[in-house]
Amino acid sequence: MLEAFLSSMLSMATPILLAALGELLVEESGIVNIGIEGAMLSGAFFALAGAYFSGSLLLGLACGIAAGVVINAIFAALVVNLAVNQVVSGTALSILSLGITGVFYRRMFGVTGKAFMVRSVPRIPLGPLAKIPLLGPVLFDHNALVYLTFALVPILAYLISRTRYGLRLRAAGERPAAADALGLNVYRIRWQALIAAGALTGLAGAYLTLAYANTFVENISAGRGFVALSVVILGRWNAWGLCAASLLFGAAMALQFGLQALGTMVPYQLFLALPYALTLVVLASFGGQAAAPSALGEPYHRT
Amino acid sequence: MLPSVAKPAAALALAALSISIILLALGASPIGVFAALGEGAFGSWYAFTDTIVKATPLVFTGLAISLAFSGALWNIGADGQLVIGAIAAGAIGPWLGDWPHPVAIAVVLSAGAVGGAIWGGLAGWLRARRDVNEVISTIMLNFVAAQMLSWVVHGPLMEPSRSYPASSPIAASAELGFYFAPSRLNLGMLIAVILAAACYVVLFHTSAGFELRAMGRNRRAATFFRIRIERLTIVVMALSGALAGLGGAVQVSAITHRLFEKLSPGWGYEAIAVALVAHLNPLGIIAAALFFGALDNGSQAMQRSQNVSPVLVQVIQGMVILFLLAFDTPLWSGMRKTMLGDSVMTDPIAAAELPDA
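Residue numbers (the numbering used here), protein chains in the order written: chain W, 1 to 303; chain F, 1 to 357.
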């Protein structure tokens, strides 16, 4: 019981954490992208379509990544080069993705899409580690995407705080004008962050269809992109914090399914609303913007 | 600089072109699809009136968005505010059986406005007093509202005799009836139009409206002119929420008469497009809402005759917004000049206080 819950918590947290790590890069560079939902949804659909038609899971994953990159490239052209409003662009891309995936899905597979199934990304038990009681099945018996996601946490934490690249990234997000004056190309830095995030978010979408549901339903991302956005804030723009916040959301989702199965008196909606309410309470208690990059959300144009 | 009509027209033309390409890729005829769309939206009295009915919630949420955006408050929470308004209306509605018709309607609609005002005001308070970005707080509040709606229709407000989760119907006295039968046309749109006119007057012909627009241009400059930013933020977000909440109450009172889980198909998000197309002008909101209402309504007819899924309407919306954005790059920064006026910008004291624009 506990074992199943913890394991499910980890697999629920994975797509959220993947997308949130991408958003962390983007926000460190000074951009807020609320279109994650769109990139994730496109990634989910095109990953499944790719895997279905090619018969190869790897090609499917590549298609998912490509879809996320394309969505974020459109976003980058709008907000980096044309300096248009980031909030409105992100919303538009989410609406567009919902439409495009829906239209193509129905066209290819009809309204029910029953035949649209693929085999799942295989689980890889990590040898003797998976045999450890409790810890083994919870931590060491997942698919490669789960391992990759959690491995990215220390890598990105190091990249952002300890490397020259991370310094440039943060400079673009804190003081774009100063970074520009020092000879850094703010436009290029922001483009790079958005493309990397597109890949991670597309992969997060691919996880939903190829590793979790094995099929596609309209709006399969179901708000996970917005959850990723709040995970970045709840995690205080720190990769380790993001990891903890994702696990919290994963736990709430896993718990909700458990409660529905058990048929308890506690309304399951409470657990679904809890992470969002908690984000609000945490923000209200500790002050919202203190830890955020100072140029977050402001378009930068060279004068 | 192109004249003001040319840019949106070019954006719409390019959006239509891109959509045509997508349609051809799908093997559908663009001309047939667009004709079916127009026919479904305006082809008959029933189609025409239903377009107005579908546009009504978009006028309310569009006004909510434009009011907040005018003050550079990025309210993404009109959907949640609408839902809370609907819950308030749907909760109080069944209890008003003995009340006179006008009073019962006034009570139901006020409940919606108050519910929405609380939800919007909460985000305003978080922004003003706790420094919480309203984009994030309103998104979070959208999800909390959606779960709250799900809970009440499965739990406390569920009609006992039903197997499908929905609330008990509101009293007949609280129903905003169909006054132009056989259509579903009701007084909701009239209320919306009156509110749009009121918003226009407040925004462009009162000092409060000027203060709001000044805050939208430049918060620091507004502070310099002794505008009470914190109070204004809370009041505007509450008013914005009240408009959206009223929209939810009108929907319950006029159309659905009860609550169910997927009450809003995303009106609060669509309203961002509506407000943007209208350049945040309250009177323009009516026209923009009719445009998007026609898309919603026409897409259903289109599906029947052209075998294209109704979700195509979201592709159209998304394309329209993206091209409008791309063509309108000076909109957000350029508004700063036109609205505060050159006198303020060239005032040496004020200019010294202005941060880099």
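FYI, nobody ran anything at the bench for these hints, they're computed from the structure. From a predicted model like this one, the values you see are computed outputs, not experimental measurements. Do not rely on the hints blindly, as some may be mistaken.
[Said to hold, decoys possible] Computed footprint of chain F on chain W, listed as stretches where at least three residues anywhere in the stretch have a Cβ under 8 Å from a Cβ of chain F:
no.: 1; segment: 71-82
no.: 2; segment: 125-135
no.: 3; segment: 222-230
no.: 4; segment: 266-275
[As the list claims (entries may be wrong)] With a straight-line Cα cutoff of 25 Å, these simulated SDA-like cross-link-like pairs (lysine to any residue) come out:
no.: 5; chain 1: F; residue 1: Lys262; chain 2: W; residue 2: Arg302
no.: 6; chain 1: F; residue 1: Lys262; chain 2: F; residue 2: Tyr164
no.: 7; chain 1: F; residue 1: Lys262; chain 2: W; residue 2: Arg168
[Claimed, not checked] If you want the ones that stay clear, here's a sample from chain F, every Cβ over 10 Å from chain W, calculated:
no.: 8; residue: Leu12
no.: 9; residue: Ile22
no.: 10; residue: Trp74
no.: 11; residue: Gly97
no.: 12; residue: Arg130
no.: 13; residue: Ser161
no.: 14; residue: Ile255
no.: 15; residue: Ala273
We treat Cβ as the ideally placed atom computed from N, Cα and C, and that holds for glycine.
To see whether the hints hold, each was checked on the structure:
1. 71-82: Held - the segment 71-82 of chain W has 3 residues with a Cβ nearer than 8 Å to chain F, which meets the minimum of three.
2. 125-135: That given contact is violated, which follows from only 0 residues of the segment 125-135 of chain W lying within Cβ reach (below 8 Å) of chain F.
3. 222-230: n = 4 at 8 Å, threshold three: holds.
4. 266-275: holds (count 5)
5. Lys262/F x Arg302/W: Violated, at roughly 45 Å.
6. Lys262/F x Tyr164/F: Within the cut-off at roughly 12 Å; holds.
7. Lys262/F x Arg168/W: Not OK: Lys262/F and Arg168/W at ~45 Å, beyond 25 Å, violated.
8. Leu12: 14 Å, holds
9. Ile22: Label violated. Min Cβ-Cβ 7 Å, cutoff 10 Å.
10. Trp74: Given a closest Cβ separation of 5 Å, the condition is violated.
11. Gly97: 28 Å, holds
12. Arg130: 5 Å, violated
13. Ser161: 21 Å, holds
14. Ile255: Its Cβ never comes within 10 Å of chain W, the nearest being 23 Å, so this holds.
15. Ala273: Given that some Cβ of chain W is not farther than 10 Å from that of Ala273/F, nearest at about 7 Å, it is violated.
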